Every structure is written in C-alpha cells, then in structure tokens.
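Line by line, the protein sequences are chains A and B.
FYI, in the working numbering the residues of the first sequence are 95 to 404.
FYI, in the working numbering the residues of the second sequence are 4 to 256.
Note that these hints are calculated values from the structure, not bench results.
Any given hint might turn out to be false.
Some residues of chain A that are not near chain B, with every Cβ distance over 12 Å (derived) [claimed, not checked]:
hint	residue
1	Arg272
2	Glu337
3	Gln376
4	Thr383
5	Gly398
The following label-pair restraints were derived from C-beta to C-beta distances [said to hold, decoys possible]:
hint	chain 1	residue 1	chain 2	residue 2	range
6	A	Thr354	B	Gln89	50 to 58 Å
7	A	Lys273	B	Arg249	43 to 51 Å
8	A	Ala220	B	Phe234	49 to 57 Å
9	B	Val238	A	Gln165	24 to 32 Å
10	A	Pro133	B	Leu29	48 to 56 Å
11	B	Phe234	A	Glu303	49 to 57 Å
12	B	Ala126	A	Gly110	35 to 43 Å
Please read these numbers as outputs of a predicted model, since none were measured by experiment.
All residues carry an ideal CB built from backbone N, CA and C; glycine is no exception.
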Amino acid sequence: MSAPALELQGLSKRYGEFTALHTVDLTIRPGEIFALLGPNGAGKTTMIGSVCGLVKKSSGSIRVFGKDLDQDPVGPRYDIGLVPQEINFDPFFTVAESLRIQLGFYGRPADEARIDEVLTALNLHAKKDAYTRALSGGMKRRLLIAKALVHKPRLVFLDEPTAGVDVELRRDLWTYVRKLASEGTTIVLTTHYLEEAEELADRVGIINEGRLLMVEEKATLLRRFGERRVIITFEQPQPGLSEAGKRFAARLSEDGRTLTYVERDGCAPSGELLRALYAEGQLISDVETRRSRMEDVLIEILRGRPQQAA
Amino acid sequence: MNVLGMKTLLAKEVRRFMRVPGQTVLSPLISTTLYFIVFGVSMSSRVQTVEGLPYLHFIVPGLVFLGIANNAFLNSSSSLFITKIQGTVVDLLVAPLGPGELMAGFIGGAMVRGLVVGLLTWAVATFFTGFSLEHAGVAVYFLVLSSYVFSVLGLLAAVWAEKFEQINFFPTFVMLPLTFLGGVFYSVRELPAPWNTVSLFNPMVYMVEGLRYGMLGRSIYSPLGGGSILFAVAVVATALTYAVLRSGYKMKA
Chain A
95 MSAPALELQG LSKRYGEFTA LHTVDLTIRP GEIFALLGPN GAGKTTMIGS VCGLVKKSSG
155 SIRVFGKDLD QDPVGPRYDI GLVPQEINFD PFFTVAESLR IQLGFYGRPA DEARIDEVLT
215 ALNLHAKKDA YTRALSGGMK RRLLIAKALV HKPRLVFLDE PTAGVDVELR RDLWTYVRKL
275 ASEGTTIVLT THYLEEAEEL ADRVGIINEG RLLMVEEKAT LLRRFGERRV IITFEQPQPG
335 LSEAGKRFAA RLSEDGRTLT YVERDGCAPS GELLRALYAE GQLISDVETR RSRMEDVLIE
395 ILRGRPQQAA
Chain B
4 MNVLGMKTLL AKEVRRFMRV PGQTVLSPLI STTLYFIVFG VSMSSRVQTV EGLPYLHFIV
64 PGLVFLGIAN NAFLNSSSSL FITKIQGTVV DLLVAPLGPG ELMAGFIGGA MVRGLVVGLL
124 TWAVATFFTG FSLEHAGVAV YFLVLSSYVF SVLGLLAAVW AEKFEQINFF PTFVMLPLTF
184 LGGVFYSVRE LPAPWNTVSL FNPMVYMVEG LRYGMLGRSI YSPLGGGSIL FAVAVVATAL
244 TYAVLRSGYK MKA
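Here chain A stands alone, though its shape is the one from the complex (with noise of 0.2 Å):
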C-alpha cells in the first residue's frame, strides 16, 4: 500500500502565548481532493505554511509521501506544489520566463511542452510573453497558478485559488484540478467558496480556532448534517396541521397552503409523509425539495454540532 500524500501528527503551532494549531492530526491519501474550510484565522494557512516550509513548527511530525521534513526539510519539496492565498509577481520577468525559472527552482530544465501546456489549461498562453507587471489581477492569479503546477508536484496545495477571480478562472481551475486528480495529484484545497469544496471535494476537513474539528467524506459529511427540506403545497389552504403533519413534526404555513417537513439523516424518509398526506386524502399540488449545501453544513458545525457527529 502506498504512503499517505500527507501525514501530519500532533501537529501545533504556538505564536508566544497564542496556539494558532492545536495538535492536529490529518491523513491525505494520494490523489484525493481534501478541501479544508473554516473561518478566517481558523489555522488553515499555518497549516498549509507549515508543510510548505513557510512556517516553523512548534512540535509535531509531518511525513510527505512517507519522508518526515524533520529528517529531510528539502527532499519532499520536489513533490509539492503551492498557490499561495497573497498575489505576488516578479515584474522583472515575463510569464513564460517565470515558469521556467520555477521549473529550474525544482530542479527540471526549461521544458516549453509543458509551459504551453500549463499555459493553456490556465486561459494564459496569450500572456506567454507579457512582463508579469503588466497582468490583470485575474492573470496575475493564473499565474500563480501555473507556477504552483508546472513542475508537476504530486502534491498540491491551493490556499484560496479563486478568491476575488471571475467566474471564468474559477470553471477553468476547477476543470483542471480534476484533470490533475484524475493523472494521481493529490489536492488540498482551502476556499470561502463553499460550491467550490461541493464541487471538488472528496473529503472535506473542518478547522476552528487551530482545531481541525472533523474530517469526513463530503458526501457523509452532507448526509450526516446536511437536511433536506420538502416542501408540499396544497390545492386548498388546510384549517391546521392534520395527524400526518402532527406525527412528523413537520410545519404549517400560516396560510395553511404549505407544509414544510425537513428530514435529516435518521428521520424518516418524505416519501412515508407523502404516503401519510395522501392516505388522509389530502391534495397535492406541488412537492418542492431543498438540499442543504456545504455552507449550512459548515455553519452548523461551527456553531457546534460536530458532537452529534461523534
């Protein structure tokens, strides 16, 4: 069986009397997509810095592809590849000349096949040849990109990719993040973007104040805390909750023209309410269902329901 892409144990970092990771503990498998969400300062940066060489740890071990960096800080390098969450650019260079300088960093010689390639997956070949001073924010973002994945590291970690890029970037980046996982890159993502986790993700981890909450396959994860709501609509407005409505707690409007029934994993299933409604012979006109998305799911675990996960 092949090592884990990531391993982190107890893992903490301490700023003075501040605690900005509390000992987490995290596998990656290879070529998964892990998203990790939480709030700003949550510690997914310091996480992210601290595999990546920008941050000093304070204790704990961190294994790439089975190296641990206290063993050898360089060595695993070659495998990882970072877009950083801040835009930074060298104006003294063009694009393409950045992209080469970033392969030799690794270690690879100039290798133009794969600058185009790179280049044109990221909508950027036409700025091949523009000093990077003279990109839009949006290509200076592209940019980034490209350089955190022109040497092809089996590893990558994107720290907010997409944020404040068009909506363009976002499609072209997730379409080439699956490509990249699908050739066996393992991906770690963090994003404000919660359609961007639902989107990508095949595990999603929670971190808080430095805590990595939960980690959780994302559709367990939906399933476990999402909730689906279904909502029913009546041909006639009812005079008040019937029997069926009664015994599956579910909610009248004050109009009485709709019923609102939300089910969570371990409830029982609509369609038994459906079956109840029509049994007592009540008229349906519409049946409207609402799945709850990554980001209630993240609210509620913040706001402390990772207990009931447990």
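Fit chain B to the supplied structure of chain A, relying on the hints for placement.
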C-alpha cells in the same frame, strides 16, 4: 544538492540586475568615476605622490574596492529584501532550495554585479593612469574575496531587515564611513594621532591596502594581514548566514 535550482537562482539574479543596467551598473560606475575625476584629477595637481605613488594611481585600487563592495552588498541585500516585501520569497521557501543553494544563488549574482562595476571602474581608470597589475594573484584574491564578503553581508542584512530604512542602515552608517576612512583617498599612516591608531581597527584599511599591493605593488601593510582578515570575515559571515537561513530567522513565520 539541487544544482540546477542553484544555477537557476544565480542566473535569475544576474538577469534581474541586467534588466536595469542603468541603475545597477551605469549609475555606480558614473559615481565612482566622478570620485576619480573630482578627487584624483583635481587633487593630483596639489598632492604629487602618496606612499611613493602618483596620487591618481594611488586612489584607483580604493575606488575599485568601493565599487565592488557597494554593489555586491546592494545587489544581494536589495534582491532578497524586495523578494520578502513583494512576497515572492514564497517561491524560494517552498522550492527544494536549502540554505546552501540560496546562498550560492544570491551571493553568486551579487558577486557578478560587484565585479562588473569594480572591473569597469578599473577600466575607466586605465584611461587616466594606464594599466598596472603588479601581483595578479593577490589582486584576484582581494577582488574576488571582497565581492564575496560584501555579498554575504548584504544577504545577512536582507534577512534581518524588515523596513527599507533598515536595509539602508548598513551601507549608509557602516560601509560608507569605514570605506571613506579606510585609506581610499589618503594614506592612513599620514593621519594625525590618534586617528592613525584608530584606523588600525578599520578592516576596510587592510582590504584596500591588499588590493593596492596586488594592483600597484605597494602598500603600507602586508597583504597577508589584509588577506587573513578578509578570509576570517568571509568564514564567519558564511557560517552565520548559513545558520540564520537554516533556522528560518525572519524568513519563516
């Protein structure tokens, strides 16, 4: 050892300063040449010889040293410091570049700039004085090691500095006074007491004198002393910079 990474950083550093040659090569060359014209040509009518050398000839090694020291220091210090300020230091820290590779890249680039300016200053001086190289081995030793030492010191300053004011501190308040008081334009032996004794504690004196011996064949002090001081400074500065970069001091959170 990431040899290609190291070479890439070195080439990048050279290309960086060659992208703005007016600022990085021409400007210091003009400044140093002006020193030569103002001090040398104007003074040489009144000061015939210093330590048995024509004044114009006497000041050439010091000006070459000045060009090397200033530009080697400025290149490594400004390059790393700006990298920190503009955030591209992330590229260096994430990449598989250890302290040795980072030092070789930054120091190599800075040495090239220091030597280019120093040698061009020398070339300009030969128009006025003619070419003189009495002890080639000694001259090369002092040229190369001076550029190395000030490149390392520049790197160290850039690691330490957090503000532009701090990065200018060392060249303005340490290097400039020590160099000007280091016997570039006069013989320290001719200074009145106690300044002639005070000058003995200025390491620049020995570096300038060493280069003067190599280029002109004459100096107040033996080049062995200057060479040893330069070598000792190089060893200490290298060890300190390596340790600082390895620790991540002011580079990593």
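For each hint, the structure was consulted:
No beta-carbon of chain B is positioned within 12 Å of the beta-carbon of Arg272 (chain A); the least distance is around 24 Å. With a least beta-carbon separation of about 62 Å from chain B, Glu337 (chain A) lies farther than 12 Å from that chain, consistent with its non-interface assignment. For Gln376 (chain A), the non-interface assignment is confirmed: its Cβ lies about 62 Å from the closest Cβ of chain B, beyond the 12 Å cut-off. With a closest Cβ-Cβ approach of about 45 Å to chain B, Thr383 (chain A) is found to remain outside the 12 Å limit, as its non-interface label requires.
Annotated as non-interface, Gly398 (chain A) keeps its C-beta farther than 12 Å from every C-beta of chain B; the closest such distance is 30 Å. In this structure the hint that Thr354 (chain A) and Gln89 (chain B) lie 50 to 58 Å apart at CB holds, the actual value being about 53 Å. For Lys273 (chain A) paired with Arg249 (chain B), a C-beta distance near 38 Å fails the hint of 43 to 51 Å. Checked against the hint of 49 to 57 Å, the C-beta distance between Ala220 (chain A) and Phe234 (chain B) comes to roughly 53 Å, which is consistent with it.
For Val238 (chain B) and Gln165 (chain A), the Cβ-Cβ distance of about 28 Å falls inside the hinted range of 24 to 32 Å, so the restraint holds. For Pro133 (chain A) and Leu29 (chain B), the Cβ-Cβ distance of about 52 Å falls inside the hinted range of 48 to 56 Å, so the restraint holds. One distance hint, 49 to 57 Å for the beta-carbon pair Phe234 (chain B) and Glu303 (chain A), holds here, with the actual separation near 53 Å. With their beta carbons about 54 Å apart, Ala126 (chain B) and Gly110 (chain A) fall outside the hinted range of 35 to 43 Å.
Violation of the numbered hints given earlier is confined to hints 7, 12; the remaining hints are satisfied by the structure.
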